[in-house]
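S.K.: First residue of the sequence shown: 412, per my numbering; consecutive thereafter.
Don't take each hint at face value.
[As the list claims (entries may be wrong)] Only pairs whose alpha carbons sit at most 27 Å apart, straight line, appear in this in silico DSS-like list of lysine-lysine:
1) Lys534 x Lys424
2) Lys464 x Lys490
3) Lys421 x Lys594
4) Lys424 x Lys591
5) Lys464 x Lys454
6) Lys534 x Lys594
7) Lys594 x Lys490
8) Lys532 x Lys594
9) Lys421 x Lys490
10) Lys532 x Lys464
11) Lys460 x Lys424
12) Lys591 x Lys534
13) Lys594 x Lys487
14) Lys490 x Lys424
15) Lys464 x Lys487
16) Lys460 x Lys534
Hints are computed from structural coordinates only; laboratory data are not their basis.
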Amino acid sequence: MKKFTLFSDKNRKRSFIQAGLYGGLIVFIWGMFSWMVLPWHHKTMHTFKDERKVASVIRDNVTEDGIYAFPSATAKKEKNEPFIVASVRVEGMRCGVTCSIIISALIEIVSAFLITYLLTKTKYTDYMHRVGFVATIGVLIAILSYLPAWNWWDFPASYTIVNFVDTIIAWFLGGLVIAKFVKKSLFE
Numbered sequence: 412m413k414k415f416t417l418f419s420d421k422n423r424k425r426s427f428i429q430a431g432l433y434g435g436l437i438v439f440i441w442g443m444f445s446w447m448v449l450p451w452h453h454k455t456m457h458t459f460k461d462e463r464k465v466a467s468v469i470r471d472n473v474t475e476d477g478i479y480a481f482p483s484a485t486a487k488k489e490k491n492e493p494f495i496v497a498s499v500r501v502e503g504m505r506c507g508v509t510c511s512i513i514i515s516a517l518i519e520i521v522s523a524f525l526i527t528y529l530l531t532k533t534k535y536t537d538y539m540h541r542v543g544f545v546a547t548i549g550v551l552i553a554i555l556s557y558l559p560a561w562n563w564w565d566f567p568a569s570y571t572i573v574n575f576v577d578t579i580i581a582w583f584l585g586g587l588v589i590a591k592f593v594k595k596s597l598f599e
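Generate the whole structure from the sequences, applying the supplied hints.
M.R.: Next up, the structure:
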């Protein structure tokens with residue numbers, strides 16, 4: 412019986428690791444740049460006039476951490492009432508900014524490894540076709556991540572468009588790197 416090996420040689424294994432790691436890091440770095448340097452995300456996020464008052468009202472009316480909607484699905488909706496969907500953590504964020512940054516980097520790297528694996532299963536030999544494949548997955552990620560919230564929860568078009576475009580740019584850039592290392596199927 413033939414022994415199963417994931418990679419036929421060390422070069423293919425190294426290419427796979429480089430594609431996933433560097434591709435994920437590029438997506439992560441783009442995200443940091445997009446959120447910390449570019450103004451577009453900040454233009455779609457607003458603050459309350461009196462944050463302390465809003466926090467007090469939420470704390471007084473929330474029984475546990477979770478997703479809350481107002482009016483609730485069972486409540487009679489008044490025409491002029493505000494509509495709110497919010498993720499509430501009574502005791503604040505689960506971890507600080509540094510923790511969130513580390514988790515974000517890990518998410519992007521794991522995602523890049525999965526996309527790299529999918530790319531190795533294609534027959535694309537041309538560099539730009541491989542980039543296009545990864546970018547197309549970026550479009551799929553954007554559609555599945557942001558359009559349902561826009562549709563069901565009335566997320567603003569500006570927020571949806573900015574995040575949609577941001578995701579596509581991120582995975583196009585990631586695709587430029589991933590495609591550099593995945594020249595042909597690594598699993599032949």
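S.K.: Against which earlier hints does the structure fall short, listed by number upward?
M.R.: 7, 9, 10, 11, 13, 14 and 16
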